Amino acid sequence: MTADITGDLLSYADTDAMHDEFYASQWTDGLPVVAPTEERVAAMLGGRDGDELLGTMPPRWRRTYVHHVAVNAVLAGCRPDYFPVVLAGIRAVLDIRLNLYGVQGTTNPAGVMLVVNGPARTELDVNSGHNLFGQGWRANATIGRAIRLCMINIGGGLPELGDMSTLGNPNKYGSCIAENEEESPWEPFHVERGFAAEASVVTAAGVTAPQNVAILSQDPVMILDGIAGSLMPGGANLVLFTAQPLVVIGPVHAKHLARNGYDKPSIREYLWEHGTIDITDVGGTDGKAMREWKAGCLHVDGTRELLRPSVAAEDIGIVVAGGRSGPHSAVLQPFNHTQLVSVPVT
Amino acid sequence: MTIVGETFRMIADYESEGLGLPGLPLAIVEYPMGGVPTEEAVARAHRAYGQILGGLLSRGGLDDR
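Line order of the protein sequences matches chains A and B.
Each residue of the first sequence is one higher than the one before, starting from 172 at the first, in my numbering.
Each residue of the second sequence is one higher than the one before, starting from 6 at the first, in my numbering.
Think of the hints as simulated: they come from the structure by calculation, not from any bench.
There's no promise every hint is true.
Okay, the calculated beta carbon distance ranges per label pair [to be verified]:
1) Gly-59/B <-> Glu-294/A: 31 to 39 Å
2) Tyr-272/A <-> Arg-49/B: 22 to 30 Å
3) Glu-44/B <-> Tyr-183/A: 27 to 35 Å
4) Ile-8/B <-> Gly-339/A: 46 to 54 Å
5) Gly-59/B <-> His-301/A: 36 to 44 Å
Take a look, some chain B residues computed to stay more than 12 Å from chain A by CB distance [to be verified]:
6) Gly-28
7) Ile-33
8) Val-34
9) Gly-39
10) Gly-55
11) Gly-60
Computed footprint of chain A on chain B, listed as stretches where at least three residues anywhere in the stretch have a Cβ under 8 Å from a Cβ of chain A [as the list claims (entries may be wrong)]:
12) 6-20
13) 40-52
Computed from a predicted structure; not experimentally measured.
Even for Gly, the Cβ is constructed at its ideal location relative to N, Cα and C.
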């Protein structure tokens, strides 16, 4: 149905004609794209072997070569120096632990988000501060978009065909942030995950849009209870799914928590314990699904059935990010059987 | 052949075509499947039985291969 975007060279009378045909061919996310000329693709590759096979991408299961990723990075508007981050992102999403097959085809609104750690954040100006989930930064906007365009053009994630999302979410145009390591009182996310501090690392998450947690108090328990209560509110993915959620703690909250002796492991433990919900009286289809799909998260305490957010506290990813201007954090709800996957930038 | 929730019929055709198996016979069952009572799941399985049998016994769209 969809032509091979890396096939024959095409030529157009003008950019309007190109945009019209690319859109009609379903090679875009709906927005205009940058023409993937031979010169631009070569510059994006930067001497890399375009024939290197990275894997096959669901649900269309096309072979994914480095060249394909470069074409989509050009389409997205990436600068060539972003390409190593885009490539690491694609390697991460192709890792079976992310469950891209599920993320692409599900009726759920989940998409893919990248978190960048290490020197690449500053070298490429990936926003880790104010409005990092929003507009204004070329690296964030185009790296995230390149991943999405690969998911469309290589993976076949076309709405109502390879992407059955009922509602979708705005982050599906592309989502890429960086950890604000400078404002974090704790070890960087990638170091926690076993990488050297001087390494640049991309972590992919199969998640929905950020759900804001505004807690005005400086009391660490109030802050943590606010975040814990946002893990499994009614209808949230984590109520049904066994997966690894991502929590973004804003610098203001992080500072209050650190000042009171909390670090990432103790925060994880707190969220895991206090994010628990009581499903003893929940019946019907949802109750059955909770007990079966989250069996590994179910704890029986006397006569009560308690559901933890995740199998283990260690499953909760914590990133410090955002600006210093407000008391906000966020929870990103994961899709089912989705794990956080980290890949070094090379 | 494969068993597919009705919501995913189009993606199943799209996927099988991508995998080089256009016309792969599908047994279409009601969606969602998760969380349905056991009796309902059994009833659905009985309703799907004919489709599964037919798919297994027919070469379907694979005749040309």
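Exercise. Determine which of the earlier numbered hints do not hold for this structure and return their numbers in increasing order.
Key: 1, 3, 4, 5, 9
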